[in-house]
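Trainee: One-letter residues, chain by chain:
Number of protein chains: 4
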Amino acid sequence: MKAIIVKPPRPGAEITEIQRTPGKGPVLVKIVENGICGTDREIVNGTFSGAQAPPNEDYLILGHEAIGVVEKIEKGVEDLEVGDLVMPINRRGCGHCLNCLVGRPDFCETGGFVEAGITGMHGFMVEYFYDDPKYLVKVPKAIADIAILAQPLSDLEKSIEEILTVQRRVPVWTCDDGTYNCRTALVIGSGAIGTLVTLLLRTYGFKVIVANRRDPTPREKEIFFGVGAKWYNSANGYEELARDMGGADIIFDTTGRVDVVKSALTALRINGILGLFGFSEAERAEFTSADLKQLIYRNIAVVGLDNGQKPHFQQALVHLAAWKAMWPDVTSKLITRVVEINNKDTVLDALRHRSPGEIKIKISWQ
Amino acid sequence: MKAIIVKPPRPGAEITEIQRTPGKGPVLVKIVENGICGTDREIVNGTFSGAQAPPNEDYLILGHEAIGVVEKIEKGVEDLEVGDLVMPINRRGCGHCLNCLVGRPDFCETGGFVEAGITGMHGFMVEYFYDDPKYLVKVPKAIADIAILAQPLSDLEKSIEEILTVQRRVPVWTCDDGTYNCRTALVIGSGAIGTLVTLLLRTYGFKVIVANRRDPTPREKEIFFGVGAKWYNSANGYEELARDMGGADIIFDTTGRVDVVKSALTALRINGILGLFGFSEAERAEFTSADLKQLIYRNIAVVGLDNGQKPHFQQALVHLAAWKAMWPDVTSKLITRVVEINNKDTVLDALRHRSPGEIKIKISWQ
Amino acid sequence: MKAIIVKPPRPGAEITEIQRTPGKGPVLVKIVENGICGTDREIVNGTFSGAQAPPNEDYLILGHEAIGVVEKIEKGVEDLEVGDLVMPINRRGCGHCLNCLVGRPDFCETGGFVEAGITGMHGFMVEYFYDDPKYLVKVPKAIADIAILAQPLSDLEKSIEEILTVQRRVPVWTCDDGTYNCRTALVIGSGAIGTLVTLLLRTYGFKVIVANRRDPTPREKEIFFGVGAKWYNSANGYEELARDMGGADIIFDTTGRVDVVKSALTALRINGILGLFGFSEAERAEFTSADLKQLIYRNIAVVGLDNGQKPHFQQALVHLAAWKAMWPDVTSKLITRVVEINNKDTVLDALRHRSPGEIKIKISWQ
Amino acid sequence: MKAIIVKPPRPGAEITEIQRTPGKGPVLVKIVENGICGTDREIVNGTFSGAQAPPNEDYLILGHEAIGVVEKIEKGVEDLEVGDLVMPINRRGCGHCLNCLVGRPDFCETGGFVEAGITGMHGFMVEYFYDDPKYLVKVPKAIADIAILAQPLSDLEKSIEEILTVQRRVPVWTCDDGTYNCRTALVIGSGAIGTLVTLLLRTYGFKVIVANRRDPTPREKEIFFGVGAKWYNSANGYEELARDMGGADIIFDTTGRVDVVKSALTALRINGILGLFGFSEAERAEFTSADLKQLIYRNIAVVGLDNGQKPHFQQALVHLAAWKAMWPDVTSKLITRVVEINNKDTVLDALRHRSPGEIKIKISWQ
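Chains as they are written, first to last, in UniProt numbering: chain L, 1 to 366; chain V, 1 to 366; chain H, 1 to 366; chain E, 1 to 366.
Possibly wrong hints are sitting among the right ones.
Identical chains blur together in the list; that is why a pair holds if it fits in one copy or across any two.
Said to hold, decoys possible - As a list, the in silico DMTMM-like pairs of lysine to aspartate or glutamate whose alpha-carbon atoms are at most 25 Å apart:
| id | residue 1 | residue 2 |
| --- | --- | --- |
| 1 | 230 | 78 |
| 2 | 221 | 81 |
| 3 | 134 | 176 |
| 4 | 230 | 79 |
| 5 | 7 | 78 |
| 6 | 230 | 161 |
Treat the hints as calculated values from the structure; they're not laboratory data.
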């Protein structure tokens, strides 16, 4: 059966025939489509150091964003039927630590978890795979067109949930009408993650300001203004935002750049929180003890955010459905391209390079 | 301008002309439609003891479920524009207790709150009213057809939120995949409230069993089975549910009948919670000290549930949007009838009697 | 070695020689003293239906309140040394459900837990026992005289923790100074449990009213007034408390009598909570649907409370230490009698009958 | 009446006679003793930029740590009597923001709060002051000798409460026995704050490692080893702690030095939290984007910690009482010196310089 495989740490990917259906469990899933994200490209380009084939195997099937259809199912499995659309959860627990035992390997303490298509477990860019219903999320067919976004969105659902949990440290962080409507979130970066988290924060009632070091493209205007967010051109830093726009109560960084984060921190209000979501490497910024003092005087929290689990996939699907109904002109712009698995070169090219303006690109298997 | 008024405690309602636009605040709202609920009918029929005109007025404008369009707006009001669809919040705080100060009069401690169309404040069955943006919730136009349901749904959003908060008393009440998918909620009653809370509990991932003392109607089958819920005929009590179906982790009562609740309690599992939502009056049930002991041995909680506020209205609208996308065949059945304000007799009749099978009936003003 | 054994469901207890040191684990504990509580007496008198010997054994060593000294310890055990004073935890988990896996068998969902000296596991009225350090709590020697109270107090620590967790359902349940000082707790019953929970609630800052159907004894006056609590003679019910004393925000029942609870509920304030702790059997009370409606209108919660675990034992010891320093005249009255294990008849008599005015009676083994 | 006054921003302090009793409210308090802390010295030495006299006054009475005795009381004040020992709360709210309205000016959002003896409000180094009972905490006389520590300890009570609230972001952060006994806290700095937080963390069940860049003094050994804490000589950084001692789940910094914090972060475990408590100024440290990535990969939170309020004062007193009973040899070492108000030069000298080994120094007024 056809699969897209990689052999980390070597760069490169190939679409090839494999002999054995990967995975285990009582449900056989036929793949419908995959999403491609930045991590896939880092693996394919050989720049993601954590990529690893499963134990005793010499290749890794790529792909951690997938939708499939239930093809066969063993007797006794409840809650799923042949023909159901499903998404597999990509991270699987270590089996030992308490967080993994309660189904939350996003907080695994041993580091012994695996990630499908990334490290230690085959991914889902393959015609068929077996799985356990515990790791399959049912997808409402009415939103099949955008449901692939539930995988990246699940990480953001978990992130906002974690941010709101941390903010319970503030006795009253809601507004005088019980909502978050008076609170402002600053989203740094306007890519796929910045886009999805903006929609999510708007859904929670926050005012949202999206920042990038330039003016928005026409498509960005349609998306961000279409959900009631504002745009901030951060080419000159964040002082204007802090001084004239009242600053922000949440800063959600999707860049991972420490220099950007340091600059944006000046705009974080009293009792605010900085969420770190993006990855970068080499930038530097100097902090002084006086910077730490500001975190204390202003009661600021910082939190590293990572990986959603099954509850977050499920909530992501609910939110995607809501967005499709509320903001059809926006959701129709989120899947920026679909490539057919049979167009090998196009697929492999898409796995190597991000297209300009790309939000989400899908590989279709059907 | 036209309004539907009552003069409690006298029964009866009339559609009449009034002189002064009710309400106060910088936003003038033109009514689009009202929903009718059981409380409206109790007021009209003179059986709701709490009904009361505003201070120094001799009539009460009825109506606490409403959607209107912003007609005029004073300068300086943010976040709203002429032409926006809005829903008014129906309960307004006492202005004194800490819960009201933080925008949560659902937990008012003084009892000094007012409720539009019910007690101490004019309602929204009137051509125009003034209001403060603090009490207006923006309605996405794409779901205008079902958005009136956000008012009753807001009470249920708050109820499930409160239930989940109470259940944090159990160290791990989620399943081994981090979701609520392994937990069962028993909803007693299949009316409007039972229907909406079933959809909501399904959205949170719970298995749901809807109970009534009969088999479901064809429409009930379409709705409840359409969202993956089960039906339980409780004509013979709840023993079969307790014995053969594993019982329930949540019992959500919409009947208010103490005899029904007592019978259903036998089906409540360890660490379970009973939510009380419905009202009734005269039924009786005898409890023994041994019944209390069962609440202790089984770590059971009971909680009285009432009234949603602005955050719950907002979340209700998000959920309605999601349902419209995910379950269009179900949501299309939730508005069971629309009556035109100009058909006076039909409107007044609808205010007196519930139609068989009614979920939500709307009065259209346009 | 000497042990106090029972053979449930037969009544009676005997002090006898047994052959094998009970328990398992790397720590050998020499018993110093046991506490006697109502459950012990119910087992001895044959009225506690749940009593059960361990699997494949024909007797049960009694005793779930104990302090011992570490006599021997296997290599590799951290955090304990020979000579340390320790208390064993009495309930041990089922090993399967998620709550037991995270160390909280007080919320065991399978019912498969055991309770030392009560059901399925030997107790601690025995010269020596083996145990795992996981189940041993280190006791500060400076409070050895009253430390036995940490076992019953652990149940109350957990109960108040659970009550406060449930009350997070109310957006603001603290006072305008951030404390609970403006909140009143009504404790029904002035026995050992009523006494300990009064001290605990005072420690949390609550005003406390202790109710019993008579005036207080001189000793009760010294204890309750000594910690700033009030007394309420409930011989004529709770209407006076509701009407003239402002009612209560917490009702903590230690009687288990449904008739008493029903009467006291009239005094429970808006947003209040009723905690059920005591056991009784045969009393009856009739509730109407209108009573349920009151729970809704007043946002009331009810919660069954049971069993503390290791975190609660540890906190109980901290609180006992605080009380010993703050209220020495009160804590000196809490151990009402000590009997020597060698006075067999006295011990067996104490296991059958509660002395008047008893708060805690200890069996000394040294 | 006698008072110790300063005239910020000018350095210097004087003991002088003032004409008017400061403060307002129905309770007149006669001062018994004050504590001196680092902030007092910074004000006296002119290095604390925030110091400010009350509006329209040209001097500021110093002192935010105080115990007094109730000298007179207006009719109608409950819960206090003439002769009671009391501590005044030092920070008072802005009167406007929601956090101040609910009694939590530690999270004031306007910055409009005042701090007695520091900014905008007279302090308590004065023979008498008036106050409102809302801001007075009753002190158990049995712990009068160490109760002055409740002021600095209140900040730490709040800090640990906030840390534990933030950590609820981790689904299971307790150990497999439900406690924190398996978690390690690293306290950086062994001064007064490091000492008090060590005792507090031990009370919560944490293992504690105290770090300083040298070996402990004999007194430090007695205190830290006496409560079961360990010592880590950090002269060579924190690598050994990370590598050989398993790292830490909490890092509690009392130095405020960004270079120290950066070095210690390498020892913070997965799901860990860094609490920032101390102030410093000029040190620098360079962070790279890869450092941020570590915060994400390891699910780390950072939180700025500041100021306890009335609930924390009350809990601090309970803990001090517990420590006095459990660890008498440790608590007897916490007050390192008492100076008499009549020895002007000694008092002024103590206000300028910290003695070597000082934990808490008191000024006695009687």
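Trainee: Since the copies are identical, ignore which copy is meant and state whether residue 134 and residue 176 lie within 25 Å (CA to CA) inside a copy, between copies, both or neither.
Mentor: Intra 41 Å, inter 9 Å, cutoff 25 Å: inter-copy only.
Trainee: Up to 25 Å between alpha-carbons, please classify residue 230 paired with residue 161: within, between, both or neither.
Mentor: Answer is within: at 23 Å inside a copy they meet the 25 Å cutoff, but 30 Å across does not.
Trainee: Cα distance capped at 25 Å. Does residue 230 pair with residue 79 within a copy, between copies, both, or neither?
Mentor: This pair counts as between: shortest inter-copy Cα distance 12 Å, intra-copy 42 Å.
Trainee: Can you tell me if residue 230 and residue 78 fall within 25 Å by alpha carbon in one copy, between copies, both or neither?
Mentor: Between copies, since 14 Å is at most 25 Å while 45 Å is not.
Trainee: At most 25 Å between alpha carbons: which applies to residue 7 and residue 78, within, between, both or neither?
Mentor: neither (37 Å within a copy, 45 Å between copies)
Trainee: Reference check for the pair residue 221 and residue 81, CA-CA at most 25 Å: within, between, both, or neither?
Mentor: between (41 Å within a copy, 19 Å between copies)
Of the numbered hints stated above, the single one contradicted by the structure is hint 5.
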